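Chain residues, written in single-letter form:
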Amino acid sequence: GAVVSQHPSWVICKSGTSVKIECRSLDFQATTMFWYRQFPKQSLMLMATSNEGSKATYEQGVEKDKFLINHASLTLSTLTVTSAHPEDSSFYICSARGLAGVLWEQYFGPGTRLTVT
Amino acid sequence: GDSVTQMEGPVTLSEEAFLTINCTYTATGYPSLFWYVQYPGEGLQLLLKATKADDKGSNKGFEATYRKETTSFHLEKGSVQVSDSAVYFCALNNNAGNMLTFGGGTRLMVKP
Numbered sequence: 001g002a003v004v005s006q007h008p009s010w011v012i013c014k015s016g017t018s019v020k021i022e023c024r025s026l027d028f029q030a031t032t033m034f035w036y037r038q039f040p041k042q043s044l045m046l047m048a049t050s051n052e053g054s055k056a057t058y059e060q061g062v063e064k065d066k067f068l069i070n071h072a073s074l075t076l077s078t079l080t081v082t083s084a085h086p087e088d089s090s091f092y093i094c095s096a097r098g099l100a101g102v103l104w105e106q107y108f109g110p111g112t113r114l115t116v117t
Numbered sequence: 118g119d120s121v122t123q124m125e126g127p128v129t130l131s132e133e134a135f136l137t138i139n140c141t142y143t144a145t146g147y148p149s150l151f152w153y154v155q156y157p158g159e160g161l162q163l164l165l166k167a168t169k170a171d172d173k174g175s176n177k178g179f180e181a182t183y184r185k186e187t188t189s190f191h192l193e194k195g196s197v198q199v200s201d202s203a204v205y206f207c208a209l210n211n212n213a214g215n216m217l218t219f220g221g222g223t224r225l226m227v228k229p
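Line by line, the protein sequences give chains A and B.
Under our numbering, think of the first position of the first sequence as 1, with each following residue one higher.
Under our numbering, think of the first position of the second sequence as 118, with each following residue one higher.
Hints were generated in silico from the structure; no laboratory data involved.
Note that the structure is predicted; figures quoted are calculated from it, not measured.
Glycine is no exception: its CB is placed at the ideal position from the N, C-alpha and C atoms.
Everything hinted at is true.
Here are the simulated BS3-like pairs of lysine-lysine, each with C-alpha atoms no more than 30 Å apart in a straight line:
{"hint": "1", "chain 1": "A", "residue 1": "14", "chain 2": "A", "residue 2": "66"}
{"hint": "2", "chain 1": "B", "residue 1": "228", "chain 2": "A", "residue 2": "41"}
{"hint": "3", "chain 1": "A", "residue 1": "55", "chain 2": "A", "residue 2": "20"}
{"hint": "4", "chain 1": "B", "residue 1": "185", "chain 2": "B", "residue 2": "173"}
{"hint": "5", "chain 1": "A", "residue 1": "20", "chain 2": "A", "residue 2": "41"}
{"hint": "6", "chain 1": "B", "residue 1": "194", "chain 2": "A", "residue 2": "41"}
{"hint": "7", "chain 1": "A", "residue 1": "66", "chain 2": "A", "residue 2": "20"}
{"hint": "8", "chain 1": "B", "residue 1": "185", "chain 2": "B", "residue 2": "169"}
{"hint": "9", "chain 1": "A", "residue 1": "41", "chain 2": "B", "residue 2": "177"}
{"hint": "10", "chain 1": "A", "residue 1": "14", "chain 2": "A", "residue 2": "41"}
{"hint": "11", "chain 1": "A", "residue 1": "41", "chain 2": "B", "residue 2": "173"}
{"hint": "12", "chain 1": "B", "residue 1": "177", "chain 2": "B", "residue 2": "194"}
Per the computed footprint, the stretches of chain A lying under chain B, defined by three or more beta-carbons under 8 Å from a beta-carbon of chain B, are:
{"hint": "13", "region": "43-50"}
{"hint": "14", "region": "104-113"}
Model the full structure from these sequences, guided by the hints.
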């Protein structure tokens with residue numbers, strides 16, 4: 001149980017185009033999902049917290065107009081990188097908050113590698 | 118604010134060697150502590166966790182003990198395998214919103 005999927009697993013796009021990444025909780029409902037960005041050989045950087053039915057909360061320094069997050073249902077959150085540029089190339093990882101017994105835990109997706117040419 | 122510090126890698130070991138990856142934290146209150154593992158090209162997988170002082174988390178031969186007096190959560194394994202080669206992240210959760218604070222990650226390379 002507690003599986004999180006991401007689609008696509010990798011994507012190459014041209015500079016100036018937009019890319020949508022989906023994050024789904026497959027066997028549980030997630031009122032909260034998180035979006036992270038990871039540069040090569042570095043740790044995860046939290047970009048935003050996505051709550052179902054409300055606006056996402058962005059971390060300081062993350063452009064909300066560039067990284068659009070939508071959490072329209074309890075099992076799906078999407079991250080859209082608008083007008084992508086080569087510096088947006090990165091590994092994007094989502095996680096979903098779910099119950100593990102009586103404690104809340106984050107379950108991570110496999111990640112999406114974005115390359116902007 | 119909360120922070121997690123872990124030893125820089127890469128850590129290179131021979132198969133069957135003993136592994137220790139140090140992790141210390143700074144946090145108010147009583148955080149939960151985690152170790153995650155990331156294999157090449159993949160997302161993070163929870164390896165083990167501990168939710169209160171003196172708890173020992175263990176999984177797949179790895180273990181870590183929550184030491185509040187030294188604010189540490191060092192990861193250990195008695196005999197590593199080549200398949201353990203990955204990046205290991207120490208993390209803490211100190212709020213009801215379940216936000217995780219990650220350490221910088223430690224790359225482990227195990228040679229046959």
